[in-house]
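Undergrad: Just so we're aligned, residue 1 is where the first sequence starts under the working numbering, counting upward by one.
Keep in mind that the hints were calculated from the coordinates and are not lab data. Hints may contain errors.
Said to hold, decoys possible - Okay, the calculated beta carbon distance ranges per label pair:
id, residue 1, residue 2, range
1, Leu273, Pro92, 55 to 63 Å
2, Val25, Thr169, 39 to 47 Å
3, Ser143, Met274, 37 to 45 Å
4, Ala243, Ala41, 49 to 57 Å
5, Gly54, Cys250, 42 to 50 Å
6, Gly54, Arg262, 40 to 48 Å
These numbers were taken from a predicted model, which means no experiment stands behind them. Think of the CB as a built atom: it goes at the ideal place given N, C-alpha and C, for glycine as much as any other residue.
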Amino acid sequence: MPELPEVETIARFLREGGRGQPPLVGARAAGVEVLWERTIAAPSPAGFAARLPGAVLETVGRRGKFLWMAWDAAGFLVVHLRMSGDLVVVPPGEAPPKHSRWLIRFDDGRTLAFDNPRKFGRTWLVPDLQMVVGHLGPEPLDSALTPADFHARLQRHRRQVKPLLMTQTFLAGLGNIYTDEALHRAGVHPQTRAHCLSPVQAARLLEAIRAVLQEGLAMNGASIDWMYRGGGFQNAFRVYHRAGEPCLTCGTPIERIIVGQRSTHFCPRCQSLMKCEV
DNA sequence: CCTGAAACCTGTCTGC
DNA sequence: TGCAGACAGGTTTCAG
Numbered sequence: 001m002p003e004l005p006e007v008e009t010i011a012r013f014l015r016e017g018g019r020g021q022p023p024l025v026g027a028r029a030a031g032v033e034v035l036w037e038r039t040i041a042a043p044s045p046a047g048f049a050a051r052l053p054g055a056v057l058e059t060v061g062r063r064g065k066f067l068w069m070a071w072d073a074a075g076f077l078v079v080h081l082r083m084s085g086d087l088v089v090v091p092p093g094e095a096p097p098k099h100s101r102w103l104i105r106f107d108d109g110r111t112l113a114f115d116n117p118r119k120f121g122r123t124w125l126v127p128d129l130q131m132v133v134g135h136l137g138p139e140p141l142d143s144a145l146t147p148a149d150f151h152a153r154l155q156r157h158r159r160q161v162k163p164l165l166m167t168q169t170f171l172a173g174l175g176n177i178y179t180d181e182a183l184h185r186a187g188v189h190p191q192t193r194a195h196c197l198s199p200v201q202a203a204r205l206l207e208a209i210r211a212v213l214q215e216g217l218a219m220n221g222a223s224i225d226w227m228y229r230g231g232g233f234q235n236a237f238r239v240y241h242r243a244g245e246p247c248l249t250c251g252t253p254i255e256r257i258i259v260g261q262r263s264t265h266f267c268p269r270c271q272s273l274m275k276c277e278v
């Protein structure tokens, strides 16, 4: 379940607790089990399992779609959920999820499980967080990113805007759902060439990106299929997964096309493809 | 630089 | 019921 709002929701839960569960921050790791070795990107699975026991979880944060956990004596545990990952706190005595790829046992009896049916997720244990997230573009919600900066960054690319927005070195955190929603909100066709967007359109697009992310965050992200954390954003989709249904703005049927190999949903009337000479 | 295809994986749903 | 095919919130690598 992994775009920025979903990852942030998980980080928030580990940090602060919720739904009757206490925070995980403050707990001490007792043991580690690696159930699918290829999920550990660095160090070796054995090194990963050996370094954590005895360490106390101090902080949990997010950068782009990466979730990180800082430990008092073991550095940073960094997780990328990819398509189907989730981090689950299992109460004492309960069984971890069926598709758990690693488990961290805590000395209070709880277990942190990395649930990941499609094995795409990756985990790192590193001394410096930047070793994993250093290549990422700016955080979309960081006010240091101004509309003028955003426009200047768009000007550097001739690509279709949708795949560009999903490129994590360009902007960190957007995925297929929030990109489609933001483009609709901004009235921008997903295949518009990035450098063709005017300063006004760029500002409107940045504003739309922030609005959909904030809306997702306020609803604890989106819950689809087998992944459920109580998120509600799936009930607020305006275009995603709504092919054939009327646009909530103008009533025109939403279309579904493939852009950059990803399923793409848009309103052909609200998001017409404008001419661009340059 | 840009695009598309393929690979990495398992599960669910649809249609015959 | 069985089975094939499409599809899924992501990223990387490679060919053209």
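Undergrad: Each hint: holds or not?
TA: Outcome of the hint check:
For Leu273 paired with Pro92, a C-beta distance near 56 Å keeps the hint of 55 to 63 Å intact. The hint said 39 to 47 Å for the Cβ distance between Val25 and Thr169, and at roughly 30 Å that hint is violated. A hinted range of 37 to 45 Å is violated for the C-beta pair Ser143 and Met274, which are about 29 Å apart. Range check, Ala243 to Ala41: about 36 Å between beta-carbon atoms, so the 49 to 57 Å window is missed.
Remark: the range hint 42 to 50 Å for Gly54 to Cys250 is contradicted by a beta-carbon distance near 60 Å. Checked against the given bound of 40 to 48 Å, the beta carbons of Gly54 and Arg262, roughly 43 Å apart, stay inside it.
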